[in-house]
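Protein chains in written order, with our numbering: chain A, 511 to 837; chain B, 176 to 616; chain C, 7 to 256.
Rather than coming from a laboratory, the hints here were simulated on the basis of the structure. Beta carbons: idealized from backbone N, C-alpha and C, even for Gly. Mixed in with the good hints, there may be bad ones.
Within a straight-line C-alpha distance of at most 30 Å, the following computed DSS-like cross-link-like pairs (lysine-lysine) qualify [said to hold, decoys possible]:
id, chain 1, residue 1, chain 2, residue 2
1, A, K651, B, K521
2, C, K202, B, K293
3, C, K8, B, K293
4, C, K200, B, K521
5, B, K444, A, K651
6, A, K651, B, K464
Here are the computed distance ranges between Cβ atoms for each label pair [as the list claims (entries may be wrong)]:
id, chain 1, residue 1, chain 2, residue 2, range
7, A, D804, C, P174, 49 to 55 Å
8, A, A636, B, D377, 42 to 48 Å
9, B, G433, A, D804, 17 to 23 Å
10, B, V458, A, A728, 37 to 43 Å
11, A, E680, C, R228, 37 to 43 Å
12, B, D377, A, G523, 51 to 57 Å
A short, non-exhaustive set of chain B residues, derived as facing chain C with CB atoms under 7 Å [to be verified]:
id, residue
13, N312
14, E316
15, E317
16, A330
17, V459
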Amino acid sequence: MPTILSYVAVQNGKPTRSSLEALSRAREVARARGADLAAAVLAPDAAAHADELGRYGAATVYAVSDPIFRSHLNTPVLAGLEAVIARAQPEAVVFPSTEGVKDVLGALAVRTAAAVLPDVARFEVAGDGAVEALRPVMAAKFLARVRAEGKPVLVSVRAGSYEASEAPAEARVEAVPFAFDEGSLRQTLREVVSSAAGAVDLSDARVVVAAGRGVKDAEGKRLVEELAGVLGAAIGASRAVVESGMFPATAQIGQTGKVVSPDLYVGVGISGAIQHVAGMANSRVIVAVNQNPDAPIFDVATYGIVGDLYKVLPPLIEAIKQRKGTS
Amino acid sequence: MDERFDCIIVGGGIAGLSAAMALARADARFLLIERGEWSGAKNVSGGVLWGTDLARLVPNYWEDPEPGWERYVGRRRLTFMDERSAFSLDFASAHFAETPYTGLTVLRSRFDRWLAGKVEEAVAQSAVADASFLAQNILVEEVLMEDGRAVGIRAGEERFFADCVILAEGVNNLLTRQAGLQTAYVPAEGLAVGVKEVIRFDRKVLEDRFQLSEKSGMSNEFVGFATGGVEGGGFLYTNRDSVSVGLVLGMADLRAKGGTPYDLLNQFKAHPVVADQLRGGEVVEYSAKVVSTGDMRVMPKEVYADGLLVAGEAANLVLNAGRAIQGMDYAMRSGLLAAETVIEAKRAGDFSAGFLRNYRTALENSYVMQDLRGFQGAVAVLHDPAMFTSVPRLVCDFGRAFFTVDNRPTRKAYQILRDVRKAHMSYWDLVKLGARAARSL
Amino acid sequence: MKFCVCIKQVPDVTAPIQVRDGALVMDAGRVVLNAYDASAVEAALVLTEQHGGEVEVVLVGPERATETIRKALAMGAHRGTHLVVDEGTPLDSHAVSALLARHFEGAGCDVILTGKQAQDTDAGLAGGMLAERLGLPYATNAVGLALEGDTVVVTRQGDTGQEVIALPTPCLVTCSNDMNDPRIPNLRGVMQAKSKPLASERVAEVPAPRVRVLGYEPLPQRAPGVRLDGEPAEQAAEVVRRLAEEARVI
């Protein structure tokens, strides 16, 4: 029986939401093809995640355990994935499109002689085993329908493209022997500067509050943080306010930054340049607060508020507090 | 590398590129500097290049498999509008299909880049291929002067020197003013706002709708309700697979009457007659630009000085005399004449104002200044409020009465004319305006 | 130290583009140096200005892409190589990385740089593929780059923070545009670019692409939104009501 393999990225000791989305989609595809669904986990204690992945339908969990996976480094991740693919012989490997995955996808494709479709919004496996996908191109203005043939085909899925859904199965853990010789590493990870320690990772957040150029000063930033606080949201930013140093680079949303697709996105003082919209247009509900009635963000907003954020945010924060208090 | 140039050209629009082409052909060493990322990047005009000068610059341009122009003008239309009607004069002729064409619709962002490519080719074939340059994305901040004569330019920290400088910087002619050739203040009466949208169509739909062949196109000018009573006019030109539709609005009158160019353009596009022509199109570009109205009172004091020549719109060489909006052709001719003067000056070793005066003379002897002078009356007539209020109403009322067939006694044309005239203008005013128009056109 | 920067000519994604009958319709002349590659060129120039060395740019593309090489030369790169393919040749990351790998075999580059992705396709694969083909250690999505002797120190933007990675030379790094603001060529740069060496080699055989584009389509339209009017307090109350009752997200 053919196998569809789904790579699960682990962050802060947990599978990421985008990994579970990809896994859920992989399960649908596997079911339609009558294929086995397997998951691959590379983590210090990979087998520990098997139960959770079983809940999402993984029949086999290829567990590659090594302390080196505590932080991301492409060489060991490549080696681990190569080992799993050699063992599982999948016809397709489904990835969440995280920065860690982007870091290895090209090299992995060459190493496993695979065809690869990165950062897709939709995909399916055709009868002949080829993968067809829709992927945003041209600054996410259009979708390209692409087709890749090969064994395997690697496909990475943009966060928010599919719903994560459970379909419990009994997961069998298959520990993949892996002994990484750190001495063989030609690259060294000196440090990880985590700017959002403990905070919600933007690309995995259900609610995102994003700040743009309209947020001009410390007071504006405080309002954004307070709004994010009452909503339980991760904080994102446009390129302009990242460049000005007001928000960290990890907060940048857009074509060059992170792609977010939360249930609720609130853009505060964001005009909606195409590069930014490319990174958030997939959000389910979009609220935009902007002074300029012609700001392009209103073209994608579910609810648009034309107004001064300094005047709109305080009553908005109050109203949310009240609503949350009553429900 | 000897870095002294024969000529530095500021501006890579039609005037600058035309000058550059002539210089390249004459093996002169030039440096052309364009502030946009490419030639045409800063230009939003979608218009008609009238005349045949392009054939001098690019012989047999119509055979180019990747042409920079859109369509040749094979059909011309002048439309008078009131709120709900349009009365058009329409002229189409097979003569328009003869090459060289006498009118081309162009989208400047494409046309200028194409022309820049032709200049690059000419440079590559010249004897000084490595010593002439087209540079983009650079802003010239200053014309360097020495003892009262222009000797070069400064861009940022860089200085480059030449025997002379051609200013072809367009309507925002800061350097021309800096050089003292134009008073710093241009009255709003001399300026207009051009707004334009490019609306994309399926090519087949476009050709069927406007009765075009594969290469032919239409130019349509509008007067009257097009501008909602503001001084100015409207235009609609067919491109390869789009139309350019827009307004030219007198700045002073626009200011006085209020309203934004964008709203007026939407109103124009919503006119039943225009809307029918635009149905199913997709707006792909909107742009606005300040243009000169062609009023000679706002022309620079002089178009030359010691080591300095001014060409194209920087010299306010634009004319809207009702028959056509001209400017690109003037830019082309003036660029060519400026370059020819530079070539002669180089031969004579004399770049003084005394010699460069030849440029002025050549310009005066050309159709450019003859038309500009000859049609000032027409410009004034066009500025007459009656021309965009009562006259188009009168024409449309006449048209409606003349062309409407109902079950009532039909009036004779002269009766209709008399009635509509009474409704909109005094007889005396009409006669005066008619006489002025007849004289000036 | 020899830096080799792989660059690409891409359509200007800010230009008007339509999709018709499954094909993208755009002004073929509006092409630019891929912004991420421009950052890579800038990074290489900064490092050679600090530490000495040479910058070569390499481009795979049709004849007319020469102007993009000239642009990089005008920025300050020292020489260019143009691997010429026919206009319209289908290329994917696989094919491009194979052609580049062939070029780099024995070319003696110490550091290969490239943009982290191309603005038009946003695939971001070619860098990793090239590194793997050449057997080089690599890092992607660099937002900072420094040299410490023969060691390249890369700061890359990862999922949860910035990772600082040291690579020995030779190595490959793909660059984010957040790394720097690429310089705009000045007049002298433009003039010097004209006489800098530019080798042009016609590619004899282009590897068959593994990925085919079947067609393009517009993005699915979002349902039109609602504008909420009134005083700020009213707007706030209304949006919260709708978020709770209509959209059910709070």
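Structure-based check of each hint:
no.: 1; hint: K651(A) x K521(B); in the structure: 52 Å, violated
no.: 2; hint: K202(C) x K293(B); in the structure: 22 Å, holds
no.: 3; hint: K8(C) x K293(B); in the structure: 36 Å, violated
no.: 4; hint: K200(C) x K521(B); in the structure: 25 Å, holds
no.: 5; hint: K444(B) x K651(A); in the structure: 27 Å, holds
no.: 6; hint: K651(A) x K464(B); in the structure: 27 Å, holds
no.: 7; hint: D804(A) x P174(C): 49 to 55 Å; in the structure: 52 Å, holds
no.: 8; hint: A636(A) x D377(B): 42 to 48 Å; in the structure: 32 Å, violated
no.: 9; hint: G433(B) x D804(A): 17 to 23 Å; in the structure: 19 Å, holds
no.: 10; hint: V458(B) x A728(A): 37 to 43 Å; in the structure: 41 Å, holds
no.: 11; hint: E680(A) x R228(C): 37 to 43 Å; in the structure: 41 Å, holds
no.: 12; hint: D377(B) x G523(A): 51 to 57 Å; in the structure: 56 Å, holds
no.: 13; hint: N312; in the structure: 6 Å, holds
no.: 14; hint: E316; in the structure: 12 Å, violated
no.: 15; hint: E317; in the structure: 13 Å, violated
no.: 16; hint: A330; in the structure: 6 Å, holds
no.: 17; hint: V459; in the structure: 4 Å, holds
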